[in-house]
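K.L.:
Those protein sequence lines, which keep their order, are chains G, S, L and B. Residues in the first sequence are numbered consecutively from 69, following this note's numbering. Residues in the second sequence are numbered consecutively from 69, following this note's numbering. Residues in the third sequence are numbered consecutively from 69, following this note's numbering. Residues in the fourth sequence are numbered consecutively from 69, following this note's numbering.
No lab work stands behind these hints, which were simulated from the structure alone. Wrong hints could be hidden among the right ones.
The list treats identical chains as interchangeable, and a pair is accepted whether it falls inside one copy or across any two copies.
[To be verified] Calculated pairs, DSS-like style, for lysine-lysine (alpha carbon to alpha carbon, straight line, at most 27 Å):
| # | residue 1 | residue 2 |
| --- | --- | --- |
| 1 | K410 | K133 |
| 2 | K378 | K388 |
| 3 | K369 | K265 |
| 4 | K369 | K388 |
| 5 | K366 | K133 |
| 6 | K330 | K410 |
| 7 | K315 | K107 |
| 8 | K315 | K496 |
Below, each chain spelled out in residue letters.
There are 4 protein chains.
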Amino acid sequence: NMVDFNLSPTQQAIRSAARSFAATHLKTARSIYEAAAAKPDARWEDRFRSTKPIYEAAAQAGLIKAQIPQALGGTGGGLIDAAIVVEELYAVETSASLTILGAGLGLLPLIIAGTPDLHERFLKPFLDGQKAPLASLVFSEPAGSANYADVGGSGLGTVAVQEGEEFVISGEKIWATDSGGWDDRGADFSCVCCRVKDSGPDMRSQVAIIIVTRSDIEANEASAFTVLSHPQTVGHTAVNGPHIRYKNLRVPKSNMLAPPGKGADVIDLTFTASAALVGAMGIGVMRQVFEHALAWAKTEKRGGNEVMLKKQSVSDLLIKIKIRCEAARALTWKAACAFDMKPESAAAAELCYAAKILSSESAVESVMDGISLIGVSAYSRAHPLGDLLQDAMVLPIFDGGNVGVRRRQIESIFAMPGYDPWEATFGKASPPSALNGTH
Amino acid sequence: NMVDFNLSPTQQAIRSAARSFAATHLKTARSIYEAAAAKPDARWEDRFRSTKPIYEAAAQAGLIKAQIPQALGGTGGGLIDAAIVVEELYAVETSASLTILGAGLGLLPLIIAGTPDLHERFLKPFLDGQKAPLASLVFSEPAGSANYADVGGSGLGTVAVQEGEEFVISGEKIWATDSGGWDDRGADFSCVCCRVKDSGPDMRSQVAIIIVTRSDIEANEASAFTVLSHPQTVGHTAVNGPHIRYKNLRVPKSNMLAPPGKGADVIDLTFTASAALVGAMGIGVMRQVFEHALAWAKTEKRGGNEVMLKKQSVSDLLIKIKIRCEAARALTWKAACAFDMKPESAAAAELCYAAKILSSESAVESVMDGISLIGVSAYSRAHPLGDLLQDAMVLPIFDGGNVGVRRRQIESIFAMPGYDPWEATFGKASPPSALNGTH
Amino acid sequence: NMVDFNLSPTQQAIRSAARSFAATHLKTARSIYEAAAAKPDARWEDRFRSTKPIYEAAAQAGLIKAQIPQALGGTGGGLIDAAIVVEELYAVETSASLTILGAGLGLLPLIIAGTPDLHERFLKPFLDGQKAPLASLVFSEPAGSANYADVGGSGLGTVAVQEGEEFVISGEKIWATDSGGWDDRGADFSCVCCRVKDSGPDMRSQVAIIIVTRSDIEANEASAFTVLSHPQTVGHTAVNGPHIRYKNLRVPKSNMLAPPGKGADVIDLTFTASAALVGAMGIGVMRQVFEHALAWAKTEKRGGNEVMLKKQSVSDLLIKIKIRCEAARALTWKAACAFDMKPESAAAAELCYAAKILSSESAVESVMDGISLIGVSAYSRAHPLGDLLQDAMVLPIFDGGNVGVRRRQIESIFAMPGYDPWEATFGKASPPSALNGTH
Amino acid sequence: NMVDFNLSPTQQAIRSAARSFAATHLKTARSIYEAAAAKPDARWEDRFRSTKPIYEAAAQAGLIKAQIPQALGGTGGGLIDAAIVVEELYAVETSASLTILGAGLGLLPLIIAGTPDLHERFLKPFLDGQKAPLASLVFSEPAGSANYADVGGSGLGTVAVQEGEEFVISGEKIWATDSGGWDDRGADFSCVCCRVKDSGPDMRSQVAIIIVTRSDIEANEASAFTVLSHPQTVGHTAVNGPHIRYKNLRVPKSNMLAPPGKGADVIDLTFTASAALVGAMGIGVMRQVFEHALAWAKTEKRGGNEVMLKKQSVSDLLIKIKIRCEAARALTWKAACAFDMKPESAAAAELCYAAKILSSESAVESVMDGISLIGVSAYSRAHPLGDLLQDAMVLPIFDGGNVGVRRRQIESIFAMPGYDPWEATFGKASPPSALNGTH
Ligand SMILES: Cc1cc2nc3c(=O)[nH]c(=O)nc-3n(C[C@H](O)[C@H](O)[C@H](O)COP(=O)(O)OP(=O)(O)OC[C@H]3O[C@@H](n4cnc5c(N)ncnc54)[C@H](O)[C@@H]3O)c2cc1C
Ligand SMILES: Cc1cc2nc3c(=O)[nH]c(=O)nc-3n(C[C@H](O)[C@H](O)[C@H](O)COP(=O)(O)OP(=O)(O)OC[C@H]3O[C@@H](n4cnc5c(N)ncnc54)[C@H](O)[C@@H]3O)c2cc1C
Ligand SMILES: Cc1cc2nc3c(=O)[nH]c(=O)nc-3n(C[C@H](O)[C@H](O)[C@H](O)COP(=O)(O)OP(=O)(O)OC[C@H]3O[C@@H](n4cnc5c(N)ncnc54)[C@H](O)[C@@H]3O)c2cc1C
Ligand SMILES: Cc1cc2nc3c(=O)[nH]c(=O)nc-3n(C[C@H](O)[C@H](O)[C@H](O)COP(=O)(O)OP(=O)(O)OC[C@H]3O[C@@H](n4cnc5c(N)ncnc54)[C@H](O)[C@@H]3O)c2cc1C
Ligand SMILES: [Mg+2]
Ligand SMILES: [Mg+2]
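Construct the complete structure from the given sequences, taking the supplied hints into account.
P.N.:
Shown next as structure tokens:
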């Protein structure tokens, strides 16, 4: 052990593979889904559907398996390895990438909380590089998710009732990546976050996660699962995150993944890991902005007598972007490493949220700064930064909005008795007075 | 004279009329041009074309005439009155509004620099509320406009050569609002900024403005004026700002509006006035954001037990937006009043640029803050803030980008010998020592 | 009435007088109190005491009388006039200026809430330009003032009990400008904010303001009023704001200025007016920074081959400072004018708080930016910006800290039913639909 | 090799030792030098002088030796180890710490560029823990240092002329930490940056570094070395950085450390390393702020009914401070590691400058935010944050101001042909197309 920022050979290889996949399959993704959208009578969701071949290529290239740990038959390493991959994907493209990563997010509660039996029943299709099943974490609801566990709040609106050997699920969800499946009949595998009424004294303790597969849906009446609409989004336009409804959907009791009392903890841990990965997304976005803006500044004169990089106002913005990107990467990596060491520690969680907040907000500011320095040309959709802004602007508001749940989580950690701010860096503190004693 | 922020009865009436026009014609504008864009085989420019009835309504409501001073037969008052109107338009809609304001911008060089004869020849169609002609200021070029007058730079690429009784104009332009006309055959009236080669010792002194009307274009071969493309833009999607080409376009010598030696000054003065109006656009945008976000915060609980306005993090963002809007309005109004008093003073110009920079950047930040506080719901295109961000983000980069020309203009004013920073506020300074003498 | 930013001749005269006073008496103030502090055995409060001649000159120059309205025998105009004066003082010096302004603040509750009889009894010494009495608003307490009226809070700790024809006051106060007097035996006139226990159902309704004069103190035992300490402050080092204690201080019943039920409103209104004046202080500070930094940038080359103003990074910072100053002034003036029109309206109050927040935070940022651009030389105490930072940094945290009471006040205004965000600008809104009807 | 953020056991030990030293000797430092300053007839430099015992303790505790590499007889490890130490010192105190670190800076050119012979001659006293000699890097000049190597600039004003076996040095210097020595007769060892006129074609190539010891000074007439003044500084008040003058100071030829052609490179490399350490200083400052403000927020109610940590506005500021601190530390460590791997690479240098800029500016913002959240109490000098602001504000402007030299250095790196922005992270890039080939 010692402070070190060099990738191991394995990490280098993981990165190369991700980069190679991105160069081959993601570089052209936007043109594919924009072409799909431009077809006469195209519907919004045709964008998403047009990316199916990319998703299949990702599965074949091992990018789904890489999101499952080796102990469970996958090829995945730590969160730090995942962060390296996510950066490479988002440095090239966003929507098709999120479809791939959404599947990993959908499996995460199963990985964290699943029994060997559940792993056996549900992971197999995802370990097989040939098939390309979709998985989804189905948590968010139309009326808001930031306060789902609050005392005095309304709690999750999706409710499960046990009837004999089954759970009966009803309620509406929205935004869950991949949750509609390619044909609006559901993802192959979903972790549905819901509330088992009266199972605990407060909203938080009633939260459970129940597995719903596509076969479960098929075993019900058609009306048990409906895609109500595909919300058109400002960016990430080829992602699937429909408004859906469960209506008396019945699944076997054995699909319970995290029972009341445990569900909320699993959800929180899942979103803690994903926070660091949103950090990595922001880094990818900033890489794109910086590379594009630097190339522009090195060649454009805009009618003047020297290239724009020589203008201090321009280079100052480039420097801002670069420093933000470097800081976000260094912090995200540290958060991922801390999580890999102690996934359930508050100290690691704090860093993961910090990385999410810093990197996501930095990414938006950096795209705006890139646009500012390039000037009016960036307003043309032929230039990439306009679209990138629309993609980037979700980073602060999805995966737990930064104003709400993300900052509130850090606030709670600060409030914990015995909170040691530097534990993730130096280990649990021993007071300096003790040290003095050794003199 | 005394410091006063109350609108005069006339100003109140102007505002009411603009508000009424906006409520009647602009509120539905986006749905009109989005419907036009959704038609099968729709081209980009169909958005713009679908707004023609709105433009005609604007002419009938006197909004074109209001951009021409009373002394020249219009109904226009000062720049402060214009700012009040612009705010009301942009508080409701952006694209159709810019089409209206672009016409006023197109007339401004004529208003400033025209001889009585030129006024007589060219203003008439715009004074008649029944017709709805388009005017355009055709200045910007594909290779950049920030340094058009720079020593050592490449200068304007659009060049005019005198041949007998005519000027022959060649070159490419881009972005000029309304410059293509409804049918790509040009605006009814254009001020084309160009360079008369060798007419002066440096790039700046060679700049001229020549009037080109639709009839002038018709009198030439078709190839003399071509719309090369309609750049698709990130926002302001229903605005007309095509990439155009003049190729040996001949116009009568008497169309010279501002000859070499005078052209650059007229361009600068035109863009000084427009800077204050971009300030007003930003105010309109911030009004929209604030009203929308406040209404949201007063009603939404997002699963918690109190409305979001009670959350300090949310209200702090609302307060930021509100203060920015108030500051931008106060400064914009001051700039407009200073311009109305002394349009050609550097002191007034500085304030106009300051208002443009402050308000445009504040507008973008405010939309982003509005999105942050509303959270993930704002990522749906059903919510207005995503589209508004795309519209707002042009404010810092058009009408002279803030990083380039706008800040550079203030820099030059600072560098002037005898510069008095508070002249626009208190009049030219007399040194305090003089005051002491009165004791 | 019409939007106008020109000073009236009276306002010009007021400004000239303030400027002249500042040039004569304030320019040298810092050197006076630093010299006092440098004397062997100097105590902290000697700085303040050394400014007594300046305060007397201010009284003679009419600056105290100018803080009392004409209707009550003074020469004061509106809050806008006060803002003009405050800017001129703070553009030259801070500490001695605050001593002058603190006296005005101390009189404000009397001006607002006093009966003719109280005016008669207490204003006279301040109207006479020969004497130079001190007045003080004694509100803040060691345990905090931001939540003094909160439900569930601890309320003001200074308590008054009626005993026969007297009030008996006990409790500790801190920070009140001028409250110690030149000799630690109290200001000539103080408005002491306190709580009459059980006089109302909640903390807010129990708040009262009772007048305490120096003669009242003299009429008590010495122990009834004690200066416990003079807190050494980071900046504003020559201001008097001691930690004081009232212990069974008896004053006649007729000294009650604002009884329970009314006291809190008077305090709030007083601090609303002062908020706009803190805005003006920030403007003065920014003027100093800008003038100093601009002069530096126009002359210094720092070993390079051109003056620093030519470096875009330097001029960009100058531009930032200038724009902030202009925006703060425009908004502060608007707030003051709104207050002058409707002092008790929430609309005016919102603007006053906005001006305070914007200008105070802008001032601190601007001093920091000035230091950044000047670089290491600004770290020498021979340069003015280091001291100015220390003075400026109080603006956001005194007169109601911006994080606490100031933003919370705006939050409450937003929450009012029927809140109209643009009322201070355009008057109470009539809905646009109504306007349509007039067509 | 793999990405890892855990300290090695050695690093843990280094940290413990630094922490222990800080707890024992630095915690009381400010009270010591403030007491010295409070003595009657105290001069400015008495603050510095009063810290001599602390410096001696540092030497005994091995903190000087720790700044010399093991290969040269010291105990020093990499820049990352130094960064860990610096953070611990600045987390407790600033002035006495800088005195210690300034000595290390003074030795750095010798370490980098010294021949074995020079090492032998000059390092010995610093390796012996009993003596406590001072070393100083004497670079900065009154007229500015940012452009010392600029084409067309005035170059270093301190000039060396070779006369026989000696160099004769004349010129003025300022700010060099420790350069005056405890008694104004010079540091024990100084690296004097100067210009050997006409030794090269431009200013940069003429720069040399010549060693000047206290004995060299003693061997000259008294007038050859004069402390002209001790500039009083806003913060870091116990640091020694006098305005000094060399006047025909003669030193043996063999004192040439870096001859013309090499001097500027050595200076740049020295300041590259120190940039990362300024990053570490900023971290230490932010630690202080965070710990202080968090403790405050967990206990203070300010008259309200809950602790301030529960107020979102307060916790949002705490979160900002914490995230900045974590980001700055992660980036600084990365920069230090990159430097340790390839000290002369532009990629490492870029990160060191980035760390300096980010951390120094974050530190100032964080102190200001700490003050804002604590409110008016922080204006008392009894609270630590006011003094800390004054100390922190030097970080962006010393060691190369961020507006000038620091950003300009990054700008130049961006402009290098073949610049690869991610080299420090992933190694020199191979194009993704090559990777594709491996598929
Ligand atoms: C592209 C995309 C992909 C997504 N993928 C998934 C997915 O795979 N699975 C899934 O379940 N969801 C997904 N989501 C949804 C998303 O992760 C969450 O719904 C979203 O982050 C929650 O939004 P919010 O925090 O803004 O909460 P909301 O509850 O909607 O809150 C709205 C806002 O109110 C404010 N607020 C709320 N509470 C507080 C408070 N206590 N204090 C202060 N402010 C508060 C905050 O400003 C907050 O942003 C996706 C969304 C998008 C757009
Ligand atoms: C919706 C819309 C409407 C428009 N309407 C019109 C119109 O009616 N008529 C018209 O003529 N044009 C119009 N334009 C074009 C627009 O006003 C200008 O072209 C644009 O503002 C100029 O861009 P720029 O300042 O970014 O200049 P560019 O020359 O394109 O410069 C690009 C960038 O380079 C940098 N830069 C350039 N020079 C310097 C420098 N010296 N120092 C530092 N940085 C520098 C700046 O970051 C600048 O933003 C419109 C554009 C849009 C999008
Ligand atoms: C130079 C100077 C002159 C002064 N002159 C006077 C004077 O003449 N008369 C006088 O009475 N006082 C005077 N004061 C004191 C000053 O006006 C107030 O005491 C001070 O502004 C109140 O401090 P605060 O708002 O920070 O409140 P505190 O109650 O001290 O609060 C501290 C901090 O806690 C946080 N906080 C508190 N409550 C909340 C909340 N509900 N929500 C979120 N955050 C919260 C805020 O960050 C706040 O800044 C002076 C002070 C100085 C330094
Ligand atoms: C406590 C302390 C300790 C110090 N220790 C040492 C030491 O040990 N040894 C030593 O030699 N020095 C020391 N110094 C001095 C310090 O390191 C440098 O002198 C200082 O950083 C150089 O200042 P500057 O970059 O602001 O340069 P200056 O040349 O003074 O420039 C001033 C400002 O002008 C602007 N500027 C200059 N050039 C440009 C440009 N090309 N483009 C844009 N803007 C520009 C920048 O805003 C810059 O900040 C110390 C200083 C202090 C206060
Ligand atoms: Mg779009
Ligand atoms: Mg001080």
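K.L.:
Run through the hints listed earlier and report the numbers of any the structure violates, in increasing order.
P.N.:
Hint check: 5, 7 and 8 fail, others pass.
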